[in-house]
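Visitor: Chains B and X, in that order, are what the protein sequence lines are. Under the working numbering, the first residue of the first sequence is numbered 22, with each subsequent residue one higher. Under the working numbering, the first residue of the second sequence is numbered 22, with each subsequent residue one higher.
Among the clues, some could well be false.
[Stated by the list, open to error] Derived DEER-like restraints, expressed as beta-carbon distance ranges: (1) B:MET459 - X:VAL345: 31 to 41 angstroms; (2) X:LYS81 - B:LYS208: 30 to 40 angstroms; (3) B:HIS398 - X:ALA303: 55 to 65 angstroms; (4) B:LYS327 - X:GLN487: 25 to 35 angstroms; (5) X:GLU198 - B:MET320: 44 to 54 angstroms; (6) B:GLU37 - X:ALA153: 47 to 57 angstroms; (7) X:THR310 - B:GLY111: 25 to 35 angstroms; (8) X:ALA206 - B:MET320: 34 to 44 angstroms; (9) B:GLU97 - X:GLU314: 40 to 50 angstroms; (10) B:ASP308 - X:GLN95: 54 to 64 angstroms; (11) B:ASP89 - X:MET459: 28 to 38 angstroms; (12) B:PRO504 - X:GLN95: 40 to 50 angstroms.
It should be emphasised that the hints constitute simulated quantities derived from the structure, not laboratory data. From the three backbone atoms N, C-alpha and C, an ideal C-beta is built for every residue, glycine too.
Number of protein chains: 2
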Amino acid sequence: MTVNERIETLRKLMKEHSIDVCYIPNEDDHLSEEYTADYFKCKSYISGFSGEAGCTIVTKDFAGLWTDGRYFTQAEGELKGTCVTLMRMGQEGVPTALQFLIDNTPEGGTLGYDGRVVAASVTRYLTNALKAKNAKVVSSLDLAGEVWGKERPAMPQGKLFVLEKKYTGETAAERIERVREAMKAKKADALVLTALEDPCWLFNIRGNDIACTPVSYAFALVTLRKVSYYTDKAKLSEKVSAHLKENGVTVRPYASLAKDIEKLHGKRIWASLSALNTELYAAIADDNTVINEPSPIAMYRACKNKAEIRNIRNAHVKDGVAMVKFIKWVKENVAEDTMTELSAQDYLYARRAEQKDYIEPSFPTISAYQANGAMMHYSASEESYSRVRPRGFLLVDSGGTYKDGTTDITRTIALDTPTDEEKKLYTLVLKGHIDLAMAKFLYGTTGNNLDILARGPLWKIDIDYQCGTGHGVGHVLSVHEGPHGIRWGMGTPARPAVKLEPGMVVTDEPGVYLPHKLGIRIENELLV
Amino acid sequence: MTVNERIETLRKLMKEHSIDVCYIPNEDDHLSEEYTADYFKCKSYISGFSGEAGCTIVTKDFAGLWTDGRYFTQAEGELKGTCVTLMRMGQEGVPTALQFLIDNTPEGGTLGYDGRVVAASVTRYLTNALKAKNAKVVSSLDLAGEVWGKERPAMPQGKLFVLEKKYTGETAAERIERVREAMKAKKADALVLTALEDPCWLFNIRGNDIACTPVSYAFALVTLRKVSYYTDKAKLSEKVSAHLKENGVTVRPYASLAKDIEKLHGKRIWASLSALNTELYAAIADDNTVINEPSPIAMYRACKNKAEIRNIRNAHVKDGVAMVKFIKWVKENVAEDTMTELSAQDYLYARRAEQKDYIEPSFPTISAYQANGAMMHYSASEESYSRVRPRGFLLVDSGGTYKDGTTDITRTIALDTPTDEEKKLYTLVLKGHIDLAMAKFLYGTTGNNLDILARGPLWKIDIDYQCGTGHGVGHVLSVHEGPHGIRWGMGTPARPAVKLEPGMVVTDEPGVYLPHKLGIRIENELLV
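Using the sequences and the accompanying hints, generate a full structural model.
Guide: Structure representation (structure tokens):
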């Protein structure tokens with residue numbers, strides 16, 4: 022089916038179900054947005070836009086794709102020839118997707134979507150906003166999925182594996198105990214874990230459902246007496262099953278969490294409504310009390326214990342060996358004029374893969390020659406890559422997931438004697454990088470307080486970089502993990518700054534990006 | 022009367038009026054706290070404690086004085102021999118004053134105070150909290166004032182003077198127009214101005230009611246058609262009266278604001294409930310809508326216009342002349358062994374007074390020799406001062422109010438060849454001072470982002486200073502004027518960080534304070 026045919030089919034289904042407006046977001050049923058399983062890419066299937074951000078909205082006579090500035094060029098190309106209008110998020114006159122839903126659902130009409138992929142907090146907001154029009158939300162219809170039908174990819178079935186105590190420093194049973202202490206402090210009877218990383222951390226389990234991130238599609242429910250892990254049994258080896266049993270964890274079918282929540286009559290349930298999907302929220306009864314706060318595991322994950330820190334250091338030593346071999350190879354071979362961005366990144370992948378306990382890249386490598394380095398999210402592909410010549414810079418942002426830790430490192434390699442301008446810019450980036458790395462500060466300091474150290478040397482010559490200076494890094498989990506970061510625009514009510522706590526790992530990655538000219542970034546991970 | 026007799030008299034009055042708990046705060050009827058007229062010092066009159074922070078609370082069988090860490094030593098001395106208990110604010114086990122009021126008003130009882138000196142927001146909070154006990158607030162009784170009786174100082178009657186357009190860059194009529202634009206944007210019919218600085222700024226008037234701050238006790242009420250200035254006629258010269266008339270300002274008796282607010286039936290009134298006293302709040306009727314937001318004039322005052330900036334620079338040139346003469350005199354005369362902290366500050370006062378358009382000191386000078394410099398709010402007095410010897414440091418924090426601007430400057434003068442430790446500490450303070458002064462930053466940056474520049478060099482050697490790095494400075498008004506500042510602990514919901522806007526003036530004053538040893542502070546004003 023072409024995109025236009027898919028939309029026509031969707032409109033027929035909308036008519037059958039009396040749906041006026043159909044909302045198809047980007048998130049999965051855990052409300053992850055950045056990396057999701059193909060099963061959840063309904064937004065892309067219906068609109069034809071393959072980028073990882075935004076949403077699709079279809080009405081009787083309109084189909085729109087919302088996405089942000091990073092993707093405008095890509096979306097323009099992919100939407101060409103379809104009936105889908107590109108809605109450029111953030112530009113003047115373009116309503117937000119939620120505002121559009123509210124404005125375009127007619128009086129007494131119905132807005133429909135798949136409640137599994139929409140946060141409870143969003144459904145509450147939309148339901149309230151539509152009341153004024155006597156319009157309603159139906160959150161039980163996956164119409165885009167119906168259109169996709171048999172062609173739709175299955176849910177991933179990546180095998181789970183145990184991350185031994187020597188890597189995590191704590192048994193799953195010990196971690197469960199920690200969580201229960203937090204629950205008691207909040208007088209919570211049950212805790213619903215929806216973030217993909219949370220059950221992995223809690224049970225010392227890793228998975229293989231998403232490229233470059235060793236997580237698994239699963240939920241968990243912790244009560245003071247029982248711990249349940251909602252996953253597909255096919256993912257479990259005997260070893261994993263035994264490990265779970267040993268730590269007191271009951272395995273339940275992935276889809277049965279809602280039913281289990283329904284059984285918690287009258288209980289106090291801890292669940293963050295911005296991280297809980299609408300289907301799960303619907304399982305909470307009126308006699309339940311909801312403790313609408315972030316999962317305590319986010320902070321546990323952020324603050325690494327002694328064993329994790331020791332292991333992360335070890336992973337960096339191995340990663341450093343791979344990087345040094347790589348840089349030596351680049352310097353020695355660039356003059357032969359056969360190197361490409363792809364051959365360089367392949368060489369680096371191979372060096373990491375040689376290291377002990379290597380699992381996979383921690384994210385897709387950015388191997389960007391010269392002007393390509395100015396694009397912060399550049400990715401070379403078979404269809405489009407540059408040759409690497411013996412002049413200018415090769416910017417390589419890459420990392421590995423090892424059983425002992427996750428790395429994220431950027432080096433900008435001079436391929437020839439740099440020009441005076443290149444030297445000056447590189448030196449200022451390095452100065453900011455070092456100033457932040459050397460920072461000594463009192464408890465209570467946030468990334469908001471420290472950002473100027475990295476950015477200051479560049480601001481002095483009127484150069485800024487349009488991104489944060491640093492992000493948290495998980496332990497053998499996601500390479501981007503909050504809640505902390507190094508960013509100057511935090512500290513507002515909407516974006517509270519998080520205190521830097523001992524054991525937090527955060528990147529330090531100032532850069533200079535001159536469009537069509539060059540990119541320089543120097544990145545290491547720092548330990549607070 | 023002794024303090025104990027005053028408290029006994031107060032308790033008799035409390036009994037007559039059926040008041041169980043009497044609250045006597047530190048604020049005046051404008052809710053200023055730092056510098057207030059003697060008329061408002063009931064808290065000090067009743068307790069015997071002369072410091073400028075805290076409050077007194079009296080019940081049938083308890084009298085307490087709440088104050089903060091800066092004043093513990095002073096309060097211990099002054100309360101000795103009285104029945105007043107010192108309540109050390111912030112220490113474990115010491116309830117806040119408001120919590121004490123709530124806890125100690127009996128079931129069905131009455132809490133009484135003078136509503137003129139308590140914010141509407143505080144009265145709302147207390148009234149709600151006491152409802153649970155069926156207890157109530159009576160906010161119309163100035164019992165401490167009754168005890169004080171004829172001995173009570175009168176309200177100050179300082180003469181007003183006009184600050185000409187050459188100093189302010191705008192006429193009063195132009196400023197009134199600016200305020201009306203802000204009112205229209207908020208659909209406000211009336212704006213109540215309670216901060217002492219607001220009418221001064223709006224009408225280009227200065228006063229002489231409070232030492233070291235050229236403000237006057239007055240309110241103002243701006244509607245879209247009328248502007249009223251609530252002040253005592255005795256303060257007005259012919260010139261001031263003519264100036265007000267020329268700019269369309271009606272003069273009304275100081276006490277008549279409440280009555281005029283009562284006349285605003287059904288109108289939308291802009292007034293900040295944390296800056297509006299309870300008596301004025303009581304004049305607002307149920308059919309009024311209150312726009313509970315800060316006065317727009319705070320930001321107008323903070324962002325200086327071109328003429329103000331030119332004038333402030335000029336004031337600093339003159340102030341610099343006085344400072345240079347002073348430092349030369351100190352260096353040349355310290356060896357004679359006759360200098361004291363007082364003779365030094367007197368010499369400096371005299372040098373400033375020689376300068377053109379000088380009005381008064383902008384705050385009481387801190388002239389602190391050696392270890393005295395380690396006390397951030399030290400003040401030498403006839404009863405207690407140190408001689409200045411030809412060794413170590415003399416720290417002098419001082420400033421002047423001139424018709425063209427307000428200065429605030431600190432120099433730490435080496436009286437002999439400094440030791441290695443003194444050199445090192447002085448250099449690090451200067452380094453932080455310069456790093457902040459040289460900062461270049463993007464719009465959107467707050468003092469929260471910049472503080473590390475001043476503090477960083479000291480943090481590196483494990484030294485911190487227990488105060489902010491910088492405060493806003495008014496234009497021929499208060500030497501401490503927000504809403505901006507340079508402080509690292511902002512950016513929380515309770516203490517939002519304010520963006521630094523062009524035209525803001527802020528101090529840059531890092532320091533080192535080694536108790537019983539030395540104090541080093543270097544302070545200039547910076548222009549954003």
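Visitor: For a quick check of understanding: which of the numbered hints are violated here, in increasing order?
Guide: none
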